[in-house]
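Student: Turn these sequences into a full structure, and let the hints guide you.
If you read the protein sequences in the order shown, they are chains G and F.
Each residue of the first sequence is one higher than the one before, starting from 175 at the first, in the working numbering.
Each residue of the second sequence is one higher than the one before, starting from 175 at the first, in the working numbering.
Honestly, I wouldn't trust all of these hints.
As the list claims (entries may be wrong) - Example chain F residues on the side facing chain G (calculated, C-beta under 10 Å, incomplete):
#	residue
1	206
2	208
3	250
The hints are simulated quantities; they were obtained by calculation from the structure and are not laboratory data.
Even glycine gets a Cβ: it sits at the ideal position worked out from N, Cα and C.
The chain contents come next:
2 protein chains.
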Amino acid sequence: MYIVLTYDFNEKRVQKALKICRKYLKWVQNSVFEGEITFAKLEKLKWELQSLMNESEDSVKIYILKNEKCLSTETFGVEKEDDYGFI
Amino acid sequence: MYIVLTYDFNEKRVQKALKICRKYLKWVQNSVFEGEITFAKLEKLKWELQSLMNESEDSVKIYILKNEKCLSTETFGVEKEDDYGFI
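Tutor: The structure is reproduced here in structure tokens:
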């Protein structure tokens with residue numbers, strides 16, 4: 175399946191959340207990630223984020239698409255280069 | 175059509191960007207909005223954001239879905255209450 179994940183973490187935890195998400199997905203904007211993922215990996219990703227988060231301060235939203243064809247995207251402004259070497 | 179819009183604006187412009195997006199969409203997370211929108215209104219929204227943004231600092235990403243049925247969502251943590259009276 176193809177997912178778009180957005181998060182809003184307190185700055186104390188945001189670097190850890192970023193690191194977790196980048197193991198599974200492509201980083202496309204400050205707090206937005208996307209990519210193909212298996213059901214098993216998505217469960218693992220959710221578990222990792224839930225273990226990190228403070229449920230009264232942080233939030234995660236996952237958009238699950240049947241497939242990438244359901245979606246078209248438009249971007250304007252700065253494009254994030256997720257080179258994986260930066261952080 | 176149904177869209178999910180995410181942005182990353184410099185803090186000097188982020189309040190204005192928020193105000194623009196809330197005219198057209200539901201605010202669901204710090205920098206994430208979603209909702210049904212017509213083609214004409216989407217063009218207007220894009221024009222307003224492009225007029226505001228600094229293209230070397232800010233970014234906007236729009237996910238356009240054929241329809242809401244293409245999508246399932248999961249949220250955990252804090253849910254944003256977009257009561258329109260707060261800002």
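Student: Which earlier hints can't be squared with this structure?
Tutor: Every hint satisfied by this model.
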